[in-house]
Amino acid sequence: MDENRITGAEKELGGKVQGAVGDVTGDRETQAKGTANEVKGAAENLVGQAKDAVRDVAGQASDLADKAINRSRDAFPEAERAYRQGGDAIAQYAKESPLVLAAMAGAIGYLLAMVVHGRR
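Here the sequence shown is numbered in the working numbering, starting from 5 and rising by one per residue.
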C-alpha cells in the first residue's frame, strides 16, 4: 500500500473530525478548514491508489513478459544459440572489416530512407 493512501486517509479522517467539531461549535472557519483538509486527504488518497494501480500493472506486464520469454525458449530451444552465434559472427566481421560493415549499414539506412520517404 502506498504511503499517500495512508496519509491521505488520515488527513481525510482528520478533516471530517475537524468539520464535525466546527458543526457542533458553530464555528464556520473550523468547518471550512475541516472540509478543505478532508478534500486534500481524499486527493492524496487517490494519488496513492493511482500509484498502487500503476505498480500492479507494471508487475503484471513484467510477469507476462517473463512468461512469453520462457514459452519462446521452450518452443524454440535453438533460437537463443543461433541468435548468439549470429551476433558473434557480426562482431567478428566488424572487427576484421569495420569500413565494409559501416558502408553496408549506410546502404541499408539509405534504402530504408527511400522506402519510408519515397523516391523524389
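Source of the hints: derived by calculation from the structure; they are not laboratory data.
Mixed in with the good hints, there may be bad ones.
[As the list claims (entries may be wrong)] Below, computed lysine to aspartate or glutamate pairings styled on DMTMM-like, alpha-carbon distance capped at 20 Å:
#1 Lys37 <-> Asp27
#2 Lys71 <-> Asp60
#3 Lys55 <-> Glu14
#4 Lys55 <-> Glu16
#5 Lys44 <-> Glu7
#6 Lys20 <-> Glu42
#7 Lys37 <-> Glu7
[Stated by the list, open to error] Label pairs and their in silico Cβ distance ranges:
#8 Ser66 <-> Gly30: 51 to 59 Å
#9 Asn74 <-> Leu116: 18 to 26 Å
#10 Thr11 <-> Gln96: 56 to 64 Å
All residues carry an ideal CB built from backbone N, CA and C; glycine is no exception.
How the hints compare with the structure:
no. : hint                         : verdict
1   : Lys37 <-> Asp27              : 12 Å, holds
2   : Lys71 <-> Asp60              : 17 Å, holds
3   : Lys55 <-> Glu14              : 18 Å, holds
4   : Lys55 <-> Glu16              : 18 Å, holds
5   : Lys44 <-> Glu7               : 15 Å, holds
6   : Lys20 <-> Glu42              : 6 Å, holds
7   : Lys37 <-> Glu7               : 23 Å, violated
8   : Ser66 <-> Gly30: 51 to 59 Å  : 55 Å, holds
9   : Asn74 <-> Leu116: 18 to 26 Å : 33 Å, violated
10  : Thr11 <-> Gln96: 56 to 64 Å  : 58 Å, holds
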